[in-house]
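Student: Residues per chain are reported as follows:
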Amino acid sequence: MARVIAALSGGVDSAVAAARAVEEGHEVTGIHLGLSRDPQAHRTGSRGCCSLEDANDARRVADHLGIPFYVWDFSELFLQKVIGNFLSEYARGRTPNPCLRCNETIKFAALCDRALSLGFDAVATGHYARLAARADGVIELHRGLDLAKDQSYVLGVLTQDQLRHSLFPLGDSRKDDIRAEARRRGIRVADKPDSFDICFIPDGDTAGYLHDKLGDRPGDITDESGTVLGHHLGIVGYTIGQRKGLHLGAPAPDGKPRYVVGVDPATDTVVVGGRESLRVQGLHCVDPLWCDQTPTGEFQATVQLRAHAKEVPASVRVVDDEVWISLDEPAFGIAPGQTAVVYDGTRVVGSATIDSTSRAASAPA
Amino acid sequence: MREWRSMSHYFDHAATTVMRPAAIQAWVDHAQQWGNPSSIHGAGRQARKVVEDSRDTIADLLGVDPFDLVFTSGGTEADNLAVLGVARARKAADPARTVILISPTEHHAVLDPALSLVEEGFTILEGPVDADGLVDLDAWAALIGEHRRRLALVACMWVNNEVGTIQPVAALADLCAAESIPFHCDAVQAHLVWEDPPSSTTLALSAHKFGGPMGIGALVVPRTLSVSPTSFGGGQERKLRSGTVPVPLIASFAQAMVAARQDRDRDLARLTEVSRRVESVLTSAGAQIVGQGAPRTPAITYALFPGCANQDLIVLLDAAEVHVSTGSACAAGIPQPSHVLCALGSSDAEARTGLRFSLGWTTTQEDVDALASVLPAAVDRLRGTSWRA
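Protein chains in written order, with numbering that gives the first Met the number 0: chain V, 0 to 364; chain P, 0 to 388.
Only true hints are included.
Here are the simulated SDA-like cross-link-like pairs (lysine to any residue), alpha carbons at most 25 Å apart as the crow flies:
no.: 1; chain 1: V; residue 1: 255; chain 2: V; residue 2: 358
no.: 2; chain 1: V; residue 1: 80; chain 2: P; residue 2: 310
no.: 3; chain 1: V; residue 1: 80; chain 2: P; residue 2: 348
no.: 4; chain 1: V; residue 1: 174; chain 2: V; residue 2: 23
no.: 5; chain 1: V; residue 1: 255; chain 2: V; residue 2: 240
no.: 6; chain 1: V; residue 1: 80; chain 2: V; residue 2: 194
no.: 7; chain 1: V; residue 1: 80; chain 2: P; residue 2: 347
no.: 8; chain 1: V; residue 1: 309; chain 2: V; residue 2: 291
no.: 9; chain 1: P; residue 1: 48; chain 2: P; residue 2: 235
no.: 10; chain 1: P; residue 1: 238; chain 2: P; residue 2: 87
no.: 11; chain 1: V; residue 1: 80; chain 2: P; residue 2: 349
no.: 12; chain 1: P; residue 1: 238; chain 2: P; residue 2: 66
no.: 13; chain 1: V; residue 1: 243; chain 2: V; residue 2: 307
no.: 14; chain 1: V; residue 1: 80; chain 2: P; residue 2: 306
no.: 15; chain 1: V; residue 1: 191; chain 2: V; residue 2: 64
no.: 16; chain 1: V; residue 1: 243; chain 2: V; residue 2: 268
no.: 17; chain 1: P; residue 1: 48; chain 2: P; residue 2: 64
no.: 18; chain 1: P; residue 1: 238; chain 2: P; residue 2: 198
no.: 19; chain 1: V; residue 1: 80; chain 2: P; residue 2: 335
no.: 20; chain 1: P; residue 1: 48; chain 2: P; residue 2: 65
no.: 21; chain 1: V; residue 1: 80; chain 2: P; residue 2: 346
If you are wondering where the hints come from, they were derived from the structure by calculation, not from laboratory data.
All chains, please: the whole structure from these sequences, using the hints.
Tutor: What follows is the structure, given as structure tokens:
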């Protein structure tokens, strides 16, 4: 038995995770993370964790399980580390994943540190991922059994020390079974819709949110030769690979769809081109985080470049704090700022942030 | 449930205290009766008699005329009615009266309605308090003198709900009376110090703070005072508080007040002694007691624990069945730093190290022993940690 913090978002996954932790005999305390400085009263759209209604759902789950419950305020840290990073990355013309940053800096860092400082042993969450203890004691992170729900990608930022203090009770389950189990257990959020999108953008309008926070910075939309095709109110509304919402009026000379293929914050220019221009085979990544020891040299692996994207075989070369990835097959629409998570089979090796991409597969030695 | 209660050590009587047996009995007895006090038939008259008997009992203990006692749903509604109702009526009678003088350490039930009046053209003056939370009488007298033709209302609580400061409300009431300015006194936490009640114009009470049920309170409001109602309906309670008059709650309120008043001297003497022990436990654990230079109720002690996050201390003490609180408003379940502490000069960071320990009629030496056995280790554990939100 261990003293365990169950992070309760108010959703069905974390509720069942907490219930299973209780059933395994752990002494469980429910914690809802207060991430918003000014929480909305009730749930709107696809958000599923940050309103007072969600906090209340979490509290009712704890009541149902008969465990203590507290709301811990991490709103200041969230503002700094997650929202701040989100805005500054977009301002640099990059496409960040705030869920990864939240796991890296809040859920498995600040929450875990606070839990350990109060004498707890571990933090349990409702992520679909599996942990496996190797004979030598190293804890491995693996994809969840339900590949459609697998969330190992957003956990690719966890270090060995964090994995040692983590519990993922849902890793061996399928989502449908979790809902059925929640119903069987009498958990009232059994049929609550899944949350998706970004929790701090209430209406799901990321471009509108970014404009609101970062202000207008008009510039040109050009083709790859530099011919001006149109104008925009700010590069933050554009992500590499984006096809919709370009409002260019005239169609491309070749009649084929046009995509955002480049975003240059220095000149506030958005470059559009054909799908072929989105082809990427080489990735230069920085700020790697490894689940265990830092790998050395070059090795074959698979990499996943977005949450729920298909993994691609690749060769990976690690040199100090830099990672060069050569994809065996080209990928399309990969933006700097995204995170590449490296897998060995189902095992997560680690992750790194994409700093630049190239069409050529060969990586500098 | 019973077992859980007997095992726990409750230091949050200022949030709500244990109901007095006589109050529970009155509640249960009258819940078995029926009849709306506003009905004119026999069942209604019987219900009305219970309400008026209770009103007589409470008014007698307060030393006011029963007609001047208006039942409300609790302290918050009483405070809201006094602040909004009196200020609006004064302004309606004399449009120059648009200034409200309050202390920055008032409960949100007074602060927030006052601040809401800014939209209606009122100006809110915050009278100064010192580092112990005590109002600066000379400064208040000067403000009252300066604004005497513009003041619609002056409000100051009798006993501060967070740090326990006893304010010189009798003196403030006299200052206001001399200028014919209405003075509202929030007396919600004052039951233990109930001597020389101020000759305030209005006075707010809440039953569950001294052993009555939740959901019932009262406002003392003289019949000669013009008050604009804040809610509308059947016109009960002198048209100041519409809504069916809750007979069992009022009967229980009266019995709680009788019991609390009977036991007051004994409770005061006993809790003064218990409080001394609690504060010695706190200071030995390295805490700083807030407001030591001012007269305070023995029922409330606020302590700062440098280096400790108050939320984490609550978790550790809660795990040992010792129940304390930060004493601050907690809307989202995300507690904000106490506005009272900040008014006393604490920074946000300091305020986040503070806990309120409040005692009541059931507090025992065993409770203090339990506190003494868990607090030092909890404080030590948190002092050694480095996480910061």
